[in-house]
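Here's the letter readout for the chains.
There are 2 protein chains.
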Amino acid sequence: MDCKKFVEEQIAEIKQTVGSATAINALSGGVDSSLVTVLGHRALGEQLKTVFIDNALMREGEPQRVVKTFADMGIPVELVEAQEEFLSALAGLTDPEQKRQAITDTFYAKVFGRLVRESGAKFLLHGTILTDIEETVAGIKRQHNILAQLGIDTKDAYGYSVLEPLKTLRKDGVREVCEFLKLPAEISKRIPFPGPALATRIVGEVTRERLATVRAATAIVEEELGDSDAFQYLAVLLNDRATGIRDNKREFGQIIVVRCIESTDARIATVTELPWYKLQHICERIISEIKGVNRCLYDLTPKPPATIEYI
Amino acid sequence: MDCKKFVEEQIAEIKQTVGSATAINALSGGVDSSLVTVLGHRALGEQLKTVFIDNALMREGEPQRVVKTFADMGIPVELVEAQEEFLSALAGLTDPEQKRQAITDTFYAKVFGRLVRESGAKFLLHGTILTDIEETVAGIKRQHNILAQLGIDTKDAYGYSVLEPLKTLRKDGVREVCEFLKLPAEISKRIPFPGPALATRIVGEVTRERLATVRAATAIVEEELGDSDAFQYLAVLLNDRATGIRDNKREFGQIIVVRCIESTDARIATVTELPWYKLQHICERIISEIKGVNRCLYDLTPKPPATIEYI
Numbered sequence: 028m029d030c031k032k033f034v035e036e037q038i039a040e041i042k043q044t045v046g047s048a049t050a051i052n053a054l055s056g057g058v059d060s061s062l063v064t065v066l067g068h069r070a071l072g073e074q075l076k077t078v079f080i081d082n083a084l085m086r087e088g089e090p091q092r093v094v095k096t097f098a099d100m101g102i103p104v105e106l107v108e109a110q111e112e113f114l115s116a117l118a119g120l121t122d123p124e125q126k127r128q129a130i131t132d133t134f135y136a137k138v139f140g141r142l143v144r145e146s147g148a149k150f151l152l153h154g155t156i157l158t159d160i161e162e163t164v165a166g167i168k169r170q171h172n173i174l175a176q177l178g179i180d181t182k183d184a185y186g187y188s189v190l191e192p193l194k195t196l197r198k199d200g201v202r203e204v205c206e207f208l209k210l211p212a213e214i215s216k217r218i219p220f221p222g223p224a225l226a227t228r229i230v231g232e233v234t235r236e237r238l239a240t241v242r243a244a245t246a247i248v249e250e251e252l253g254d255s256d257a258f259q260y261l262a263v264l265l266n267d268r269a270t271g272i273r274d275n276k277r278e279f280g281q282i283i284v285v286r287c288i289e290s291t292d293a294r295i296a297t298v299t300e301l302p303w304y305k306l307q308h309i310c311e312r313i314i315s316e317i318k319g320v321n322r323c324l325y326d327l328t329p330k331p332p333a334t335i336e337y338i
Numbered sequence: 028m029d030c031k032k033f034v035e036e037q038i039a040e041i042k043q044t045v046g047s048a049t050a051i052n053a054l055s056g057g058v059d060s061s062l063v064t065v066l067g068h069r070a071l072g073e074q075l076k077t078v079f080i081d082n083a084l085m086r087e088g089e090p091q092r093v094v095k096t097f098a099d100m101g102i103p104v105e106l107v108e109a110q111e112e113f114l115s116a117l118a119g120l121t122d123p124e125q126k127r128q129a130i131t132d133t134f135y136a137k138v139f140g141r142l143v144r145e146s147g148a149k150f151l152l153h154g155t156i157l158t159d160i161e162e163t164v165a166g167i168k169r170q171h172n173i174l175a176q177l178g179i180d181t182k183d184a185y186g187y188s189v190l191e192p193l194k195t196l197r198k199d200g201v202r203e204v205c206e207f208l209k210l211p212a213e214i215s216k217r218i219p220f221p222g223p224a225l226a227t228r229i230v231g232e233v234t235r236e237r238l239a240t241v242r243a244a245t246a247i248v249e250e251e252l253g254d255s256d257a258f259q260y261l262a263v264l265l266n267d268r269a270t271g272i273r274d275n276k277r278e279f280g281q282i283i284v285v286r287c288i289e290s291t292d293a294r295i296a297t298v299t300e301l302p303w304y305k306l307q308h309i310c311e312r313i314i315s316e317i318k319g320v321n322r323c324l325y326d327l328t329p330k331p332p333a334t335i336e337y338i
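Just so you know, the sequences run in chain order A and B. Taking the working numbering, I'd label the letters of the first sequence as residues 28 to 338. Taking the working numbering, I'd label the letters of the second sequence as residues 28 to 338.
To be clear, the hints were calculated from the coordinates, so they are not data collected in a lab. Just so you know, not all the hints are guaranteed correct.
Any copy will do: because identical chains look the same in the list, a pair fits if it lies in one copy or spans two.
SDA-like cross-link-like pairs, simulated, lysine to any residue; straight-line CA separation at most 25 Å [said to hold, decoys possible]:
| id | residue 1 | residue 2 |
| --- | --- | --- |
| 1 | K276 | T163 |
| 2 | K276 | E162 |
| 3 | K318 | P332 |
| 4 | K194 | D267 |
| 5 | K216 | R197 |
| 6 | K330 | G57 |
| 7 | K305 | P329 |
| 8 | K305 | D256 |
| 9 | K305 | K330 |
| 10 | K95 | T297 |
| 11 | K194 | F33 |
Isolated chain A, as found in the complex (with noise of 0.2 Å):
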């Protein structure tokens, strides 16, 4: 891949179709929306109003990280606090496609949507990868339709355009462009991170303290696997409860699922032949370390028939 022609081409485009008028971004963090961030400003400058919206879904520490990583590369972001308006809407969901559709529906309809509208930005950067169309179009994704989703409906829709410089690019080739680019290891050698965050990584309900729960397991997951070549590892929460005995007494106590994965672009992966000192270490430390949690167990399965993460 010629990453010098592709970033070119995509300064080019950005630039042309936007003009003189302003465009704006939300940041995940991710690679995707990282890269996507680096291409609009390098195309638009401070034309580009690129916002970090903090969905209380993220890892320790992670909004503060990310707007520090990009305001070093001279890139300015704009950390928006919506962390209640995110667990309001996820209260008392347990349903996986509920879970989802509520995160998807505050982020474009409330959060993101009132942020574009009070921009006056009439261009969307957005980092849409091919894999991410390839899955919708197999079923596996669910449509996106990102201006309806950000509630401006078709007849306001007149002069929106939603820019999608990397739907050409599987993961490999995104991170192919971010070290061309030079960008930080926190950016080109970070691990994928889903859109709805930790919320993928809890099965049930998802509140304060559960986010807190696999927030730890992540954490220590990502410690201990730091220095690994894995493609992705990560920290699952349970909704189930196992007996177990502490102090010798009975205790129902909270399940973590450590996933460790090689792959590609994410289409298919394997499981990680982790060393078992490695496995025991970590285990040992999530159920020393974690309030309530008493059993960890590794994720042997394949994607597919699993997918990567868990709902």
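Given the coordinates of chain A, assemble chain B onto it according to the supplied hints.
Structure of chain B alone, referenced to chain A:
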């Protein structure tokens, strides 16, 4: 341990206690109740009536296999069909304590209680081992007052006796005695299997359909790990479901946990470091052979803080 002395003493004590009366015992097929059955028959011959209660919770072909193993040793075991009684007692229950209680109540107060009364036996042989007593004292197991559980009240209880010939042994001692007696490997080498049987390996409601799922997974795990030297290996059906992808379609599938442990007496246990090809092969069989299952996890947790079983 002096096995010869132990066996002689227990047989003598059973003989002396029961005299010319009749006794009864329930055989589960586990090593404890099997040894009690053998000792009891050596002591009492036809004065001991042994029943195997088919509670619908056993493994594939297990009731018939156990009866045949004892028939081959010249010990008659009566197979009592009680599937519906157990399944209707379990219907709708998801709380582990309530499930255990329903099984215990159905076993003692209903099925075995009826058999005891019908038999006229006043002596009950029971396979309690030292670990059971210790865990009851520690509050990990619930107190069992066997006579009360049988619906025999204090007044009626006059004249009833419960004999627990294994109460000074731990699991390894029980096995040693079985080997000394040259009992078939199906008994002496049999991996531990809990009293509430497959119900302890179903998180959530126990139904015929869910029993069939965990029974199929159990058969695969036992087939694949039968030649391992592990202390115990088992499969658990979780109540949670996870998103998967099969034939390019989203699938909300069931999850099986594989557990394999090293232990000498079940009080503490470590996880077996199985070879990866074995874990992958078990996973592959479980997700392809069992309808509706699309995840397979391996339990990394030692006991404590996890127990061996899940409920």
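Now for the hints, and whether the structure bears them out:
{"no.": "1", "hint": "K276 / T163", "verdict": "between (49 Å within a copy, 11 Å between copies)"}
{"no.": "2", "hint": "K276 / E162", "verdict": "between (48 Å within a copy, 9 Å between copies)"}
{"no.": "3", "hint": "K318 / P332", "verdict": "between (32 Å within a copy, 12 Å between copies)"}
{"no.": "4", "hint": "K194 / D267", "verdict": "neither (38 Å within a copy, 35 Å between copies)"}
{"no.": "5", "hint": "K216 / R197", "verdict": "within (15 Å within a copy, 53 Å between copies)"}
{"no.": "6", "hint": "K330 / G57", "verdict": "within (21 Å within a copy, 38 Å between copies)"}
{"no.": "7", "hint": "K305 / P329", "verdict": "both (20 Å within a copy, 15 Å between copies)"}
{"no.": "8", "hint": "K305 / D256", "verdict": "both (14 Å within a copy, 23 Å between copies)"}
{"no.": "9", "hint": "K305 / K330", "verdict": "both (23 Å within a copy, 18 Å between copies)"}
{"no.": "10", "hint": "K95 / T297", "verdict": "neither (34 Å within a copy, 44 Å between copies)"}
{"no.": "11", "hint": "K194 / F33", "verdict": "within (12 Å within a copy, 76 Å between copies)"}
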